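Enquirer: Residue numbers (numbering that gives the first Met the number 0): 0 to 369.
None of these hints come from the bench; they were simulated from the model. Treat the hints with care, since some could be wrong.
[Claimed, not checked] Simulated restraints on C-beta separations:
1) T123 to Q25: 53 to 59 Å
2) F24 to G167: 34 to 40 Å
3) D296 to A119: 30 to 36 Å
4) S271 to A324: 24 to 30 Å
Please read all numbers here as calculations on a predicted model, not as lab measurements. For every residue, glycine included, the Cβ atom is placed at its ideal position computed from N, Cα and C.
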Amino acid sequence: MTPPVPFFDRARGDLALRDELTAVFQSVVQSGRYILGPEVEAFESECAAYLGVRHAIGVSSGTDALLAALMALGVGAGDEVVCPAYTFFATAGAVHRTGARPVFADVLPGSFNLDPASLARALTARTRAVVAVHLFGACAPMDELLAVARGVPVLEDAAQAFGAERAGRRAGALGLLGCFSFFPTKNLGGFGDGGLVTTDDGDLADRVRALRAQGAREKHRHTLVGGNFRLDALQAALLRRKLPRLGALLERRRDHAAQYASLLGGAGLPISLPDAGDAGHTFNQYVIRLHDASLRDRLRSFLAARGIGAEIYYPAPLHLQPCFAPLGPPAGALPVAESAARETLALPIFPELTGDEVARVAAAIRAFFG
Numbered sequence: 000m001t002p003p004v005p006f007f008d009r010a011r012g013d014l015a016l017r018d019e020l021t022a023v024f025q026s027v028v029q030s031g032r033y034i035l036g037p038e039v040e041a042f043e044s045e046c047a048a049y050l051g052v053r054h055a056i057g058v059s060s061g062t063d064a065l066l067a068a069l070m071a072l073g074v075g076a077g078d079e080v081v082c083p084a085y086t087f088f089a090t091a092g093a094v095h096r097t098g099a100r101p102v103f104a105d106v107l108p109g110s111f112n113l114d115p116a117s118l119a120r121a122l123t124a125r126t127r128a129v130v131a132v133h134l135f136g137a138c139a140p141m142d143e144l145l146a147v148a149r150g151v152p153v154l155e156d157a158a159q160a161f162g163a164e165r166a167g168r169r170a171g172a173l174g175l176l177g178c179f180s181f182f183p184t185k186n187l188g189g190f191g192d193g194g195l196v197t198t199d200d201g202d203l204a205d206r207v208r209a210l211r212a213q214g215a216r217e218k219h220r221h222t223l224v225g226g227n228f229r230l231d232a233l234q235a236a237l238l239r240r241k242l243p244r245l246g247a248l249l250e251r252r253r254d255h256a257a258q259y260a261s262l263l264g265g266a267g268l269p270i271s272l273p274d275a276g277d278a279g280h281t282f283n284q285y286v287i288r289l290h291d292a293s294l295r296d297r298l299r300s301f302l303a304a305r306g307i308g309a310e311i312y313y314p315a316p317l318h319l320q321p322c323f324a325p326l327g328p329p330a331g332a333l334p335v336a337e338s339a340a341r342e343t344l345a346l347p348i349f350p351e352l353t354g355d356e357v358a359r360v361a362a363a364i365r366a367f368f369g
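All chains should be modelled from the sequences, with the hints used to inform the complete structure.
Expert: Now the structure itself:
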C-alpha cells in the first residue's frame with residue numbers, strides 16, 4: 000500500500016533532533032528559569048542579528064506580537080487600521096482587540112499580498128496604522144506600500160515569513176515594526192505558541208517589553224496597561240537550536256517549490272502557481288489557484304482519496320466573516336480577495352517532504368485534469 004503524503008509532518012524534523020532537544024529541555028529544567036531570563040535574551044539577540052534589526056522582543060504568540068505592536072503605537076478606540084482582507088484572522092482580530100476598527104483592502108492577484116492601490120483608497124484621516132501581511136512566505140511590496148501610506152506607520156505581519164527577503168533585507172526589517180509567529184507549522188516552528196516583535200525604534204522596543212509584562216518596566220510599577228505576552232524560556236531555548244538550521248530548511252522549501260513548478264508549470268493545466276523565481280520567497284505554504292472555482296473542492300477530495308493532504312487558506316475573506324461583516328465593505332467590493340478564497344488550494348511543502356512525494360502530488364493533480 001502506498002503511504003500517504005501528509006500536508007504537514009512536524010515529527011519528521013523533530014525526531015532527527017531528538018537527542019539535542021532533549022538535552023536542551025533538561026538544561027532548562029535544571030536552571031529553574033522558565034519565564035524570560037538568559038535563554039530568551041540570547042534568542043532575542045540571535046534573532047535580531049539574523050533579521051538585521053536593532054531590537055527583537057520575544058512574546059507569547061504571533062497574535063500577541065501584533066497586539067503588542069499596535070498597543071505600543073497607541074492604537075485604540077476611534078482609530079482605523081488598514082489590513083488585507085485575505086489573510087489569517089489574527090491580523091484583523093488584533094486590531095479589533097485594541098478598540099480600533101479594521102478597514103479591509105484588496106490584495107494583488109499574483110502574490111495575494113496587500114494591493115497598494117487598494118490601500119490608497121482605504122486610507123482616511125482616522126487611519127492610525129497599516130498592517131502589511133507577508134502572506135505564505137513572500138514579502139509584500141513594502142516600498143510601494145510605504146510610499147502610499149505617506150508616513151502612516153506600516154507594521155509587518157511576518158508570521159509566515161521568517162527568513163523571507165525583499166531587495167536584500169529580511170522580513171521584519173522593512174516596516175516600523177515586525178511581528179512573527181513561532182507556531183509549530185511556521186518556517187521557524189516552536190514547540191507550542193511563541194512570537195517576536197522587531198523594530199529599529201528604541202522607544203517602541205521599550206514599550207513592547209513593558210507591555211509584554213503587564214505594562215511594568217520594573218516590578219510592581221506599571222507605567223502602561225499591558226498583558227501577559229512573555230515568551231517562555233523553554234520555547235526560546237529550543238528555538239535557539241533550530242535557528243542555525245533555518246537556512247537549510249528554507250532551501251528545501253524552495254527546492255520543493257521549484258519541483259512543483261517544473262512538474263506543473265508547463266503542463267497546460269488551468270491553474271496558476273506561486274512565483275518560484277522569487278528568490279526571497281520562503282514558501283511557508285505552496286498555494287495554487289484554480290481558474291475554475293468549482294473544481295477546487297473536487298480537487299481536494301480527489302487528492303484526499305489518494306492519501307494526499309491539501310488545505311484551504313483561507314475559505315472566506317475577513318470582511319465577510321460574521322464578526323466583521325457589519326463593518327463592511329459588502330460582498331463584491333474586494334473581488335481579488337473574494338475570488339482567492341474560492342479558488343486557492345495549498346499543497347504539501349514542509350522541508351522534510353521528499354522529492355518522490357512532491358512528484359506524487361503533481362502526478363495526482365495532472366491526473367485530475369486528465
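Enquirer: Please go over all the hints and tell whether each is borne out by the structure.
Expert: Checked hints:
1. T123 to Q25: 53 to 59 Å: 54 Å, holds
2. F24 to G167: 34 to 40 Å: Cβ of F24 to Cβ of G167: about 37 Å, so the range 34 to 40 Å holds.
3. D296 to A119: 30 to 36 Å: With Cβ atoms ~35 Å apart, the hint holds.
4. S271 to A324: 24 to 30 Å: Holds: the Cβ-Cβ distance is about 28 Å, inside 24 to 30 Å.
Comparing the model with each earlier hint shows no violations; every hint is respected.
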